[in-house]
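Asks: Chain by chain, the residues:
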Amino acid sequence: MNTRLVFALLTLLSACVDPGTVAVQGEVEVVGSGNATFTARDGVDVTLTRAELAFGPLYLCPGNVAGDLCETARGEMLEVVVIDLLNTTPARAATFDAVDATTRSAMWDYGTSFWLPDAAPTETQPTLVIEGVAMTPSGERAFEETIQIAPQRAGIHLVRASTLFEHEIRNGDVLQVSADAENILDGANFATPFVERDVTAIRNALTTSARPTLLFNP
Amino acid sequence: MHRAFLFLLIALFATEAKAQPPAEAPTTEPTADDEGDPDAPDAPDAPAAADEDEAPQEGESSESEAHESTGDETPAESTVELVPPQVVTSPPPPYPQERLREGLHPEVVLLVTIAVDGQATDIVVDHGADPEFDAIAVATVRDHWTFSPARRGDEPIVARVRVAVHFDLPTFEPAAVGATQPEDRTAPDHRGEEAHVARTGPDVADPGADAQPADGADELGEGLDQEFTAEAEVELDHLRDRSRGASDLHVRRDVLEAAPHEEGADLLRTVPGLLIQRAEGDAVAHRISLRGFDAEHGQDLEIRVGGLPVNLPSHIHGQGYADLGFLIPEVVREVRVIEGIGDPHQGDFAVAGSVDLALGVEDRGIRAKTTLGSFRSFRQLALWAPKSERADTFAAIELHRTRGFGQNRSALGGSAIMQYGFGHRGWRFRLTGIGRATRAQLAGVVRQDDIDAGRVGFYDSYPDATTQSQNALNLRMMFGFQAVRRYAEGANAELGFFLSFDDFRLQENFTGYLQRSRFNPDWVGRGDLIEQTNRTTTFGFNARYRSSETGLGEHLKVQYELGLQSRLDLIDQAQNLLAAPSGETWDERIDASVRGVDLGLFADVTLDIASRAVLRVGVRSDALFYDVDDRLGRRIPDFRADSHIIGFRRSAFGLVAGPRTSLIVKLGRGVSLLTSYGEGYRSPQARTLADGETAPFTKVRSADLGVRLERDWIDLRIAGYFTRLSDDLAFEAREARLERVGASRRLGATLHLTVRPTDWLVASGSVTYVDAELLEPPPPSAEDPSPPFTAGQNLPFVPPWVLRLDVGAKHTLAKLGSFDLDGRAGFGLTHIAPRPLPFGGEAEPFTTVDLNVGLKWGHLGLGLALFNLFDAQYAAAAFNIPSHFRRGTPRSRLPSRLISAGRPRTAMFTLEITL
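If you read the protein sequences in the order shown, they are chains A and B.
Here the numbering used here is used: the first residue of the first sequence is 4, the next is one more, and so on.
Here the numbering used here is used: the first residue of the second sequence is 147, the next is one more, and so on.
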């Protein structure tokens, strides 16, 4: 029998293997709320001219709870993308790799992560860069702040968001990440340059009420 | 290139086979069968005198065919001048006087080596009647039968043949036995039966005649009973090896030694559909896959060596862990494989099947073998097989050392195997001792994307301390004692004891830097160097009794068997995380003791229906008891206040039973239809059991249907099989353990062909296809409430196609001085199709070819073995799990391909001295 034919048949039959899940890719797009003017703590009116939030790495998890139960993720975006909080036009920022399975929760950092086995977190991007003007009782104050928010425990991501969605990832999915500057900066004091208390307020906002919204195929 | 080579060899082989018909002498093949008369009695082809079901042993098939020829028959039509041994004189055996009243017509089948001087040596009873008849048969053949040796051209050669000695009841008075005229059967057998059958002669003896006995008849006639003191010894390995279906086969020594084998476990590559790879270094058990089962380190394959069980239940590195590293290939005499379930003797872990490696050395004498080769490999073998003893008596020791291919694969180890077989009349005893100690460095795994990016070499190991510290140690000692007693008419009983100690220690890092300490969750990223230790001490015994054949009417014979197997396992195991290179323990995962008892009971009934069909119906039941002391159980998470003292002690019990049946129908002309059905089981990992839980056995239902064509030089089997597993396991590399994945089924077929077209050439090939599917989603967990599953999803790690070819040739090339110059050559080819991996991965297919050439002249032998001749780069093991080995990069949590490299081209030179 023809040798090539035999091996062609073998190859053909081998190709019938169904491994179940397959690797897929999707896109991450970012969008801001466009909310540039708001009243912050102590009644200070803030007008932002620049507001950029670093986002990532991101992990899409199979269980309802992220964290320790997400040793094997369903999808991930290892790079850090920047969300222009003032831009309401969705922008493609990166791709994510995944397998075609269900994801229910996610966890992420904001530009700074523990890169194991390093003992200290590594900064990829500053978490938040803001510029603008604050109308304080004593007058107008222009500000420029760069804030770094790192996870506090090695190997644990800053945000572990449970029961976000129940989505079966498919090839070509678009994951939209949106965030709002006012929510993030609501607890900060713009009357003076940011101090530790302001950074803590922003940290708390970014890990709870003001964390970005993740939405598949908006 | 590899494929072309394969088909060139196949073509070459086919040409050889065609051009050179078997060097058989014509036999007394019954004409009725030739004419296709289905009612005609079976042809007395090779082993037919005993039982056609029973495979011919030890290479005697063609020889015994030859032996059945008689002196006046036509020589073989062959271009090879091969003349089988001939019976010159065969005086009948004397019938023991005190047994005359029993009216028996027993037949004793013997395996006999005919030396170059025609002397009958190394006589063992293959199938006997009872000790007394056996002793007489042995003594008669040894002392009174004469043979002319087999010849290749003009050269006499040693041959191993099977002869049958038949006892016919004399019709004269017992007192006349001494004057019986022995029948010299150098003439053709007029009754068309085996020419070598000698019988006391009702047809030749005249009680009143003053007959003059032929040579030796005087000795035979006088003092019949008291003079026959020879030991009618039992061929212990073959007492209950009757075929159990389409996938029950023996791989004989000539096939085993055709291709080169670096270690004993490599011999299993000759088994159809079996893939065996040394993926974790010399001190960790092979990974085995057999016809759709990823048997891991033995979880789905029951393995015995010399009758001693090798699998270790509840082992920390894998259920049924079976390390064959102690096995010295030179002392493996035969491999018996039952793929699927069909024999009640098959116990725990016989899920894909069972393998029994019989130990023995046919070539007697003292042998010293030194091997040097690639990667500074060195092996020294010393083997002593006393010429005065049978093949099952020997002692062998092996030491080996290697730097290993690539990086961090050095190993040093040694094995010793001793076996002493002895017996008297119907008794046969065997003492077996096996010892092994090996320590090896492990290269571990490397990520495929790192290889592709050039960050690490295919055969390299990551340079980190945590990966360079990977190593394993294995110490094992096994002792066994077997006693077999044979009674009249094929009845026999067996009793065996064994004791085993196994110490296993492994440090292995599959995932890089992902683990977090549960002892102190702030400790993270110290390297996932998992340390596993496991110590198992096992005591066990087994006993069985098989009855004689009882006739139920004219065409129905019944034989039954009852047996039990029991073992106690004392297991201590631990799993920790170690920091490297300091060796500090930075997490504790397991610290447990397990006590397990397995009590197995089986019964088997064999119905021989008109010598045309053999139906075997059996049942096996096992009860397992577990006592688990899990010292780290009920751990308190760090975020909770201490509420109790950790530790979890519990006991559990389980019971399982299932039928084992087989049916063999002889269709004539060497064709048989074979089918079998059986239900087997795999015991659970004891640590997974809750207190009082009925131990959930993994139940396997296995059915085979096939056809076998067995002729003098060809053995062809085609079998289809179906297997359903209630609860499958898959390897979870992060914790180096097995996890449940759910029910599964396999549907496949095997074609296995062995041909011996001449006495110097043997070829064995097999093609196995399997569709192994997961039937339901894996069990949900908090980590994964809905594990990915699609209907028809294939099981990970299982290659759908496995192709294996073994070809070996041995021939005398010339005569130099007073010795022949013998040459040998052989090769083995393995092709493995792409294997699915978890999360959509797929391991690349690969083909390896191993080549073996050698010369032997007198006491000296030289050999060259080339493994992986074409230097195929392949993964001995591939995984698809999250891992993180690179500093300064974000950690990936998606599964990615990890590989453990298979052996590159390796050359080994051997110098052998035989005395």
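These are calculated hints, taken from the structure and not from any lab test.
Some hints could be false.
Just so you have them, the derived chain B footprint on chain A, three or more residues with Cβ under 8 Å [said to hold, decoys possible]:
hint: 1; segment: 92–103
hint: 2; segment: 107–121
hint: 3; segment: 150–158
hint: 4; segment: 206–218
Sample of chain A residues lacking proximity to chain B, with all beta carbon distances greater than 10 Å (derived) [said to hold, decoys possible]:
hint: 5; residue: V25
hint: 6; residue: T50
hint: 7; residue: T52
hint: 8; residue: E79
hint: 9; residue: E82
hint: 10; residue: V132
hint: 11; residue: S141
hint: 12; residue: E143
hint: 13; residue: R144
hint: 14; residue: G190
hint: 15; residue: N192
hint: 16; residue: P196
hint: 17; residue: F197
hint: 18; residue: V198
hint: 19; residue: E199
hint: 20; residue: R200
Beta carbons are placed, not taken as given, at the ideal position from N, Cα and C, and that holds for glycine.
Asks: State the violated hints by number, sorted upward, taking the hints as numbered earlier in the document.
Replies: Hints 4, 5, 8, 9 contradicted; others consistent.
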